[in-house]
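Engineer: As a plain string of letters, each chain reads:
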Amino acid sequence: MTDPTSTSISTLRRILRECRTVAVVGLSPEWHRPSYFAAKYLQEHGYRIIPVNPRACEILGERCYASLLEIPEPVDMVDVFRRTADVLPIAQQAVQIKARCLWQQIGVLNLEADKLVRAAGLDSVMDRCVKIEHARIFGGLHWAGVNTRVISAQRPH
Amino acid sequence: MADHRFQPETLAIHAGQIPDAATGARALPIYQTTSFVFDSADHAASLFNLQTFGNVYSRLSNPTVAALEERVAALEGGRAGLASASGMAAEAITLMTLLQQGDHVVAAGALYGGSVSMLAVNLAKLGIETSFVDAASPDAFAAAMRPNTRAVFAESLGNPSLHVLDIRAIAEVAHAHGVPLIVDNTVPSPFLCNPIELGADIVVHSATKYLAGHGTTLGGVLVESGKFPWDNGKFPGMTDPSPGYHGVKFYETFGDFGFTMRARMETLRVYGAALSPMNAWQILQGVETLPVRMERHCRNALALAQYLREHPRVSWVNYPGLPDHAQHELLARQMRRVDGVPGASGLLAFGVKSSSGDAEGGKRAGARFIEGAQFMSHLANIGDTRTLIIHPASTTHRQLDDAQQLAAGVLPDMVRISVGLEHIDDILWDVDQALAGANA
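Chains as they are written, first to last, in this note's numbering: chain V, 1 to 157; chain F, 1 to 440.
Isolated chain V (complex conformation) (with noise of 0.2 angstroms):
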């Protein structure tokens, strides 16, 4: 069986180059939180993050949502950092709002919600960080030594 995460650089170069709107579900106010520190990330590269937390009015100078439903303009991607067994619902709105792309982030492997969103036709990863694949790919990652599996003759871009 093929690994449902392997995801391939040239798709997720696609993915990452596609969806500029991220509505990050689960996002922290907590600057030390992970799902912080990958919204902090995505905003500096250029993308707009939309945060989704019932708990939260604003983060990172973004008005934050209570559920993906709530959010009144074109999501392109929902990144859900959220344990396994919450996504499915969320993959089900993210079909309803046509987002693009569901990525579940390290640790959440949700393969129902994955099935679902793909029959929908969207892309779906699963168990990656959106912040550490953008890096990996575009350039940052490589800086922390880490194993890019990027071989290439090109520059970055």
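Only true hints are included.
Some chain V residues well away from chain F (every beta-carbon gap over 12 angstroms; in silico):
id, residue
1, 29
2, 69
3, 84
4, 120
A few chain V residues that face chain F, going by a derived Cβ cut-off under 7 angstroms, partial list only:
id, residue
5, 32
6, 44
7, 135
Listed below are the simulated SDA-like cross-link pairs for lysine to any residue, each with C-alpha atoms no more than 25 angstroms apart in a straight line:
id, chain 1, residue 1, chain 2, residue 2
8, F, 249, V, 139
9, F, 227, V, 139
10, F, 227, V, 151
11, F, 249, V, 26
12, F, 125, F, 243
13, F, 227, V, 149
14, F, 227, V, 128
15, F, 234, V, 107
16, F, 249, V, 86
17, F, 249, F, 239
18, F, 249, V, 133
19, F, 249, V, 109
20, F, 227, V, 34
21, V, 115, V, 84
22, F, 249, V, 43
23, V, 98, V, 133
24, V, 98, V, 66
25, F, 227, V, 107
26, F, 234, V, 32
27, F, 249, V, 127
28, F, 227, V, 137
29, F, 249, V, 60
30, F, 227, F, 248
31, F, 249, V, 49
32, F, 227, V, 114
33, F, 227, V, 109
34, V, 98, V, 47
Hints listed in this document are in silico derivations from the structure and should not be mistaken for laboratory results. Please read all numbers here as calculations on a predicted model, not as lab measurements. The beta carbon of each residue, even a glycine, is placed where N, CA and C say it ideally should be.
The hints should help you fit chain F onto chain V, whose structure is shown.
Structural biologist: Coordinates of chain F only, in the frame set by chain V:
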């Protein structure tokens, strides 16, 4: 489409280095700078908070050094690497990241002398105790494990014992106790052996040896597999907020390269044994040719071992590449094949016959062999292009008495050769003429 899986020959040249973003330079630029400017106050804050990846100061990271780190990590099939000023520094950074006062280590008995000193003297001074056990016995490792054991340390191919470690078996012992197996993979190099594939959790290298290969430059690298479950309750330093780096939880934040990040930000940053960009570049020039060099080292060493075994002035030969070596089968399971046989790297040891046949005679014959060599260099290094020879009983181990030498695997008549890349006929010639003088 799945990502293509590249072979080590390709990784040795390409991994960790794509054309320079700023200039398009194809070869690796040497970023000989201590520091890197921040774009803004906010960018600086993000970098210090580790929220964005980037370079701040070359004691922490440097783009030229990073190319070496990623390349060795790729060659080892690991998740991330961290380079350091020497192989000893890589080992020290690994152990000091992992261990604290009151912890215990189980280590193979016949290790490189520097590693023995680090564990038995330096770490002992800090309240970290090490049990040294028979490297050939997984049961001995298991019997030495204690509730406070936090690491198992061994060499994939022992120096100078040339003992082959059963990596799978020792990894099982370590994992059954919830602790990582650290393997020093200097002697085989990542071209011949990938301990991570066999279950090791962290690999350390003296890059000074085969990785660099030219005998000009010191360096070390540690590589993390990315597979060890640091949240098993035994490593609070990986899971709790870091007092050394303003509350970052390294495993939660960086996942499968959390150990490397912690080693970088808590240990390398503080103790400062960073590799210079110039030295990283020098080492990388060597790494590009690692696969072709290792093949030649193996070929020459096997030919020399076979020659010595038939030589009338040689009493014994230790080279695990010889088919009748006691550990040859294990070697075959763990090493890449070269010319259709298991590659055993370029180190071998042999005994010089003496006229008297006793320990004193052996010691004299060994020393005279060294003095009689014409181009084989008498020095204390391995993994050079040049053939290197040393007589441990009269040099590296001379402060020990005969019994202590025996315990360390050093026999009076023992000569260690790091077989170089010269023509095999010339190596055989120099060995033969030095032997002729040794027991004359």
